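Peer 1: Listed below are the residues making up each chain.
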Amino acid sequence: MIPDNDQPLPNDPAAGGKPRVTRRSFLRAGIGTASGLAALAAALVPLKDFDTSDLTLGKFLQRHYKELGPAEMDQVLQRIAREVEQRYGVRPELRDLKPKDGVEFVYALHLGRCIGCRKCVHACVQENNLSRLPEMQYIRVLEMPRGSVDVERANHNYDRPQVPDPEHYYMPVQCHQCANPPCVKVCPIEATWQEPDGVTVIDYDWCIGCRYCEAACPYWARRFNFTKPRFTHDANGAVIMNPNMNYLSNRPRKEGVMEKCHFCLQRTRAGRMPACLEVCPVGARKFGNILDPESEVSQILKTKHVFVLKQELGTIPRFFYYFDQEYPRTAGCLPNEGYGDAFPESDGSGDQGRSGSALQGAPA
Amino acid sequence: MGPSARGSPESRLSRRWPSALVGPGFLVLAAWFLYGPETVLVPAGEPIAVDSRLLSIAPRRETLGDPPSIEVEGVRRTCVECHALFEPSVETPKRLLMHAHVRLDHGINDRCRNCHHLQERDKLVLHDGNVIPFRESQLLCAKCHGPTFRDWERGAHGRSNGYWDRSRGQLVRLKCSQCHDPHTPRIPAMDPLVPMPGPRDPRADRGVSTAPHPGAQHPVFRLGGTDSGGSPERMEK
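Chains V and L are the protein sequences, given in the same order. If you read the first sequence in my numbering, its first letter stands for residue 23, the second for the next number, and so on. If you read the second sequence in my numbering, its first letter stands for residue 40, the second for the next number, and so on.
None of these hints come from the bench; they were simulated from the model. It is possible that part of the hints are untrue.
Calculated cross-link-like contacts (lysine to aspartate or glutamate; reagent style EDC-like; alpha-carbon spacing at most 16 Å) [stated by the list, open to error]:
no. : chain 1 : residue 1 : chain 2 : residue 2
1   : V       : 250       : V       : 71
2   : V       : 326       : L       : 192
3   : V       : 88        : V       : 71
4   : V       : 120       : L       : 85
5   : V       : 324       : L       : 85
6   : V       : 88        : V       : 217
7   : V       : 250       : V       : 346
8   : V       : 122       : L       : 85
9   : V       : 332       : V       : 174
10  : V       : 250       : L       : 85
11  : V       : 276       : V       : 227
12  : V       : 276       : V       : 256
13  : V       : 81        : V       : 115
14  : V       : 120       : V       : 256
15  : V       : 122       : V       : 346
In silico negatives: residues of chain V with every beta carbon more than 12 Å from chain L [as the list claims (entries may be wrong)]:
no. : residue
16  : 42
17  : 61
18  : 65
19  : 79
20  : 113
21  : 210
22  : 276
23  : 316
Label pairs and their in silico Cβ distance ranges [said to hold, decoys possible]:
no. : chain 1 : residue 1 : chain 2 : residue 2 : range
24  : V       : 109       : L       : 74        : 28 to 36 Å
25  : V       : 124       : L       : 171       : 52 to 60 Å
26  : L       : 98        : V       : 277       : 57 to 65 Å
27  : V       : 109       : L       : 174       : 34 to 42 Å
28  : L       : 172       : V       : 179       : 26 to 34 Å
29  : V       : 100       : L       : 116       : 42 to 50 Å
30  : L       : 209       : V       : 218       : 39 to 47 Å
31  : V       : 335       : L       : 71        : 22 to 30 Å
32  : L       : 116       : V       : 187       : 53 to 61 Å
33  : V       : 252       : L       : 100       : 36 to 44 Å
34  : V       : 252       : L       : 114       : 19 to 27 Å
35  : V       : 122       : L       : 209       : 48 to 56 Å
Values in this document were obtained by computation on a predicted structure and should not be read as measured data. Glycine is no exception: its CB is placed at the ideal position from the N, C-alpha and C atoms.
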């Protein structure tokens, strides 16, 4: 039968019949689908590199630090210690040190002493197992022109054959452990919080890496792990790592979480001094318990000229900068000598000549 | 019905051409994903190790101990072992035959016997004649450097290593002579300490502009300058 020109095409819906697949439409749809699937598969290629070896069920179901009971915490610590040993070949002494009652940590730094040698920076890197590639450092030593406290003019990338430079002074900046921390306020999931001893900590297993806290911090104290941290190896090929670890401080971090200075909790909650303090060659760094009136930091805050960085922001830092006051070296500065004449005990009508000739012509 | 219902060939093509591009478009995307430029997030190269030798927490100076002893031709000897043989001389300054490495640059304090006891050579002497052992040398320094000694006692001057929590361990407060040479107390201003590499991350690598920031002109930030509207003019009125 010769088809009539007026007869509708077999797959014309206008004919009311079921559309039939022609070779053309089959090829068109087939090529489109195949290309789409190819593109989808290609787009998923990076998943090949996704490391699932460290994604265990226990880790996936782990609860927030504050919700972990002692028994649960023990399990978590054992699991993390096992993972660290598997990955890095270092047997860690992993603990969860708790804050002590009546202890609030405070740091004081003598600006007149710091020579900008950056030893604190590297002692921190070593103590806290910071990534060496990409390079991460908690402490920035700002080189500032003398006579200015304008941090906009500071340079932390200075490179000199010798320090200190006579034209500059040095101001190390790290986490200020604020009593009113903006970083904690912005965290959407409470992965970072302030501990009773004043240290703001991060649960690395809870952090989702949104980096809000990094943006909120006015001191640029927070660091983000863009990649998996990499460490150096010694001559035998073993990873160089500090085995003294604490859950909330220096256990190895993973990709995509925040970290920052935590006053070396693995040391300080065991009563020791932070690593950056012990290595300071000039004794510019001071650390201690502010609630103990006899502690070094209490004495410094009582007797020295102290200031905090960006006080106007109301962050109330626990990190103080101090410098020596002018000692009364000249006779005129000693009490009851010199100044005694300027403020006579009489009504002030007499003794005008000594209290200042500039006021003589003032109208009565 | 007929051709008019299915539209002209031109209009059919114009209806179909976006869908005709979907397949090749996906193919191009697939090729791009597989063979396109790779995003490198990790800086290449080997990580730089921290030089632990630079991170010693030992005191800057080794003191002579108490009783003080020095090495003489390979043998450890105390002061009195030799000085028992010599008559003490009050003549100063005097050319030294021994202790030639000692350079005395301590301001007006330029006499050996200001600090060293003339007869008891393993002891120090205060300006009031009291004799103290070498291990309490900070009391001698305190006779002139009172405010610094006061700061040191409070912990505001000098290094303190060890434990902040004294119930768990010792707080080791370094003494004056563990950092300062008593004969030339000024610590050399130019200690050859090589600065270690600074932080390297995208934000840090932006570099620092050397041009003064507009805020730098704000009086709050200018410590050295005098702010306008200061007291001198007002006082002259």
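Peer 1: The structure should be examined with respect to each hint, and the outcome stated for every one.
Peer 2: Hint check results:
At roughly 12 Å between alpha-carbon atoms, residue 250 (chain V) and residue 71 (chain V) fall within 16 Å of each other, so this suggested pair holds. Only pairs whose Cα atoms come within 16 Å are accepted, and residue 326 (chain V) paired with residue 192 (chain L) is accepted, the gap being roughly 14 Å. A threshold of 16 Å between alpha carbons decides the hint, and for residue 88 (chain V) with residue 71 (chain V) the separation of about 33 Å lies outside it, so the pair is violated. In summary, the hint linking residue 120 (chain V) to residue 85 (chain L) is not supported, as the alpha carbons are separated by about 37 Å, beyond the 16 Å threshold.
Of the supplied pair hints, the one linking residue 324 (chain V) and residue 85 (chain L) is violated, its CA atoms being roughly 47 Å apart against a limit of 16 Å. In summary, the hint linking residue 88 (chain V) to residue 217 (chain V) is supported, as the alpha carbons are separated by about 11 Å, within the 16 Å threshold. A hinted pair counts as satisfied when its Cα atoms are at most 16 Å apart, and residue 250 (chain V) with residue 346 (chain V) does not qualify at roughly 44 Å. Distance check on the hinted pair: residue 122 (chain V) and residue 85 (chain L) sit about 41 Å apart at the alpha-carbon level, beyond 16 Å; violated.
The hinted pair formed by residue 332 (chain V) and residue 174 (chain V) meets the criterion: a straight-line CA distance of about 12 Å does not exceed 16 Å. Note on residue 250 (chain V) and residue 85 (chain L): the hinted pairing holds, with a Cα-Cα distance of about 14 Å set against a maximum of 16 Å. Restraint check for residue 276 (chain V) and residue 227 (chain V): the C-alpha separation of about 9 Å stays at or below 16 Å, so the hint holds. A C-alpha spacing of about 22 Å is found between residue 276 (chain V) and residue 256 (chain V), which places the hinted pair above 16 Å, so the restraint is violated.
Of the pairs offered as hints, the one joining residue 81 (chain V) and residue 115 (chain V) is violated, with about 19 Å between alpha carbons and a cut-off of 16 Å exceeded. Distance restraint check for residue 120 (chain V) and residue 256 (chain V): the Cα-Cα separation of roughly 33 Å exceeds the 16 Å cut-off, and the hinted pair is therefore not satisfied. The hinted pair formed by residue 122 (chain V) and residue 346 (chain V) fails the criterion: a straight-line CA distance of about 32 Å is larger than 16 Å. Distance check for residue 42 (chain V) against chain L: the nearest CB is about 16 Å away, which clears 12 Å, and the non-interface claim stands.
For residue 61 (chain V), the condition that its CB be more than 12 Å from all CB atoms of chain L is violated, with the nearest at approximately 4 Å. Residue 65 (chain V), annotated as away from the interface, has a beta carbon of chain L within 12 Å; the closest lies near 5 Å. Non-interface call for residue 79 (chain V) relative to chain L: holds, since the shortest CB-CB distance, roughly 29 Å, exceeds 12 Å. Non-interface status of residue 113 (chain V) relative to chain L is upheld: no Cβ of that chain comes within 12 Å, the nearest being about 20 Å off.
No beta-carbon of chain L is positioned within 12 Å of the beta-carbon of residue 210 (chain V); the least distance is around 22 Å. Residue-level check passed: residue 276 (chain V) sits 14 Å from the nearest beta carbon of chain L, beyond 12 Å. Not every C-beta of chain L lies more than 12 Å from that of residue 316 (chain V), the closest at about 9 Å, which undercuts listing it as non-interface. In this structure the supplied range 28 to 36 Å holds for residue 109 (chain V) paired with residue 74 (chain L), their Cβ-Cβ distance being about 32 Å.
Taking the beta carbon of each, residue 124 (chain V) and residue 171 (chain L) are about 38 Å apart, not inside 52 to 60 Å as hinted. The hinted range of 57 to 65 Å is not satisfied by residue 98 (chain L) and residue 277 (chain V), whose Cβ atoms lie roughly 41 Å apart. At about 49 Å, the CB distance of residue 109 (chain V) to residue 174 (chain L) disagrees with the hint of 34 to 42 Å. The supplied range of 26 to 34 Å is broken by residue 172 (chain L) and residue 179 (chain V), whose beta-carbon atoms lie about 49 Å from each other.
The hint said 42 to 50 Å for the Cβ distance between residue 100 (chain V) and residue 116 (chain L), and at roughly 57 Å that hint is violated. Under the hint 39 to 47 Å, the C-beta atoms of residue 209 (chain L) and residue 218 (chain V), about 26 Å apart, miss the expected range. Range check, residue 335 (chain V) to residue 71 (chain L): about 46 Å between beta-carbon atoms, so the 22 to 30 Å window is missed. A hinted range of 53 to 61 Å for the beta carbons of residue 116 (chain L) and residue 187 (chain V) is inconsistent with their spacing of about 43 Å.
A C-beta distance of roughly 38 Å is found between residue 252 (chain V) and residue 100 (chain L), which places it inside the suggested range of 36 to 44 Å. Hint check: residue 252 (chain V) to residue 114 (chain L), Cβ distance near 52 Å, so the stated range 19 to 27 Å is violated. A hinted range of 48 to 56 Å for the beta carbons of residue 122 (chain V) and residue 209 (chain L) is inconsistent with their spacing of about 18 Å.
The structure fails to meet hints 3, 4, 5, 7, 8, 12, 13, 14, 15, 17, 18, 23, 25, 26, 27, 28, 29, 30, 31, 32, 34 and 35 from the earlier list, while all remaining hints are met.
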